[in-house]
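**Student:** Protein sequences, first through last, are from chains W and S. First residue of the first sequence? That's 1 in this note's numbering, and the numbers climb one at a time after it. First residue of the second sequence? That's 1 in this note's numbering, and the numbers climb one at a time after it.
Since the hints were made in silico from the structure, they are not lab data. Predicted model, so just to flag it, every value in this text is computed and none were measured. Among these hints, one or two may not hold up.
Stated by the list, open to error - Computed cross-link-like contacts, BS3-like style, restricted to lysine-lysine with a CA-CA straight-line distance of at most 25 angstroms:
no.	chain 1	residue 1	chain 2	residue 2
1	S	K64	S	K50
2	S	K345	W	K9
3	S	K387	W	K55
4	S	K329	W	K91
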Amino acid sequence: MLNSEDIKKLAILSRIEVSEKEIETVAKEIDSILSYVGEIKNAVANSEVEDVHYKTINVFREDVLLPPKTSPDDLVICAPDNEGGYIKVKKIL
Amino acid sequence: MEINLKTQTISKTKEHFKNGDFTCEDLVKAYLEEIEKKDKNIHAYLEIYKDVLEQAREADRKMKAGENASLLGIPFAIKDNILIKGRVASSASKILENYVATYDATVIEKLKDAGAVFIGRTNMDEFAMGGSTENSAYGVTKNPHDLDRVAGGTSGGSAAAVASNLCLVALGSDTGGSIRQPASFCGVTGLKGSYGSVSRYGLMAAVSSFDQIGPIAKNIEDAELVFNVIKGKDKYDSTSVDIEKSTKIKRKIGVMRSFINTDGIDEEVRKNFEDSLEVFQKSGYEIIDIDLPSLSNVLSTYYIINFAEISSNMARYDGVKFGEKIEGKNLLEDYMKTRGQLLGKEVKRRILLGAYVLSAGYYDSYYGSALKVREIIKKDFERAFEKVDVVLTPTAPTPAFKIGEKSANPLEMYLADIFTVTANIVGCPAISIPSGKTKAGLPLSIQLMAPYLHDHSLFEIGKDFDKAL
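Start from the sequences, fold in the hints, and give me the full structure.
**Tutor:** Structure below.
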């Protein structure tokens, strides 16, 4: 059973602000969804699959720059806060 | 010539252009008039491009100069999560409300090379999470057959636009049925090719190991024509592959009786499915019962992987590199408020769920288990495809439901994906084809799934069904 504390922890982990009002509803919804999908554990317990083996294709290519579709300047101006060709953020440390 | 939008198809339209019956500009004007009349009620489009007539005139100029690209002058609607350079793409979210794409998706480059004209961007569930387009931050798209009902999702706008003749053909994206289910609800054809058949470069990622862009069209021929233009290995998408060339089909169709007869399947859907089997039999197909026991876990497998990959893909929407931003007191608050206030309920719910299933202590029991069961499901399908060419199901367990009917309980919305998620899990191609209507006039569709890379079988078998219907 997930409680409000669990949701608060997940919210900080996900960088999403969840209001006090919403927390209880969100906890209930998430809990019911988890109960439903959680039955997957029984499926694996009842199967013979030990490990997952993937068929893979080698898609490595030469380390050569493909023609870029945009320029750094075009990308920087998309940032909500930018100045002089740089993206601005608040203090990190 | 008076343009009948209802009867237009890609080949008919190109014929009309060739004969000088009308120009691309005439055709686009007809669509714009129809949009003016109908779209305030349907809300398929989020934006009609202001330069669409100029695009049409450019197409006419090219035709006059003797050019004959495969989709020259064909008017498209494009789902709001596919990037077109210089145009807004918001994924129907507030967090990208004014985001202007800085490059063309590969599919858009290919459509441009083929001469396509873009009318506008279509409504969808926010960030491709949902099953009805009710999760759009800009309002729901209504079903053209019954305005009290949903158009389906997440490509609801694209499906509604094609169904109500507001464009000739559209692009959607499919993660768990998001092309096929709205196509089914709106009575049009929707195709999701094999995983990797169409480049994902320039598609806003939802579930990277499931997503595919695909056509929503009025018939199978148009879907095939568009698919042939947009498909192909792409340097910019290392998960892209080339499709197999045609191989002989055995005329055997697989049906999973126990799966089809579960609870929650509408009686009219069941009856229509049985009728469709008869149509195939009359066309000389053999119906073979197959058993895929792992399918009882298909929804859990799908949704665990969905939550996990989505929460990872949504991390980029933080108000720093692009999109909108809500100011906080410090950097952490910038993130918390921006994402908290600008992302919708379903998106936030899935991010939290994803964080949970991927967290230490739970990773193995949820995500690890889902990956294992995914392999079991894939093996079940490989075994089935040794006996049959395609697997047949209804596309959706019900016809279009009423707006608001399923939005109270998120789990109920998930259960409606039961028939479509499988194709995304195993990576195989799947097409939804209209197969009839309910007594109330709501569209019904069947879904064909073919082996991985055998996309062409869907067109061949689908056309046989269509002819016999």
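**Student:** Checking each numbered hint in turn, tell me which of them this model violates, lowest number first.
**Tutor:** none
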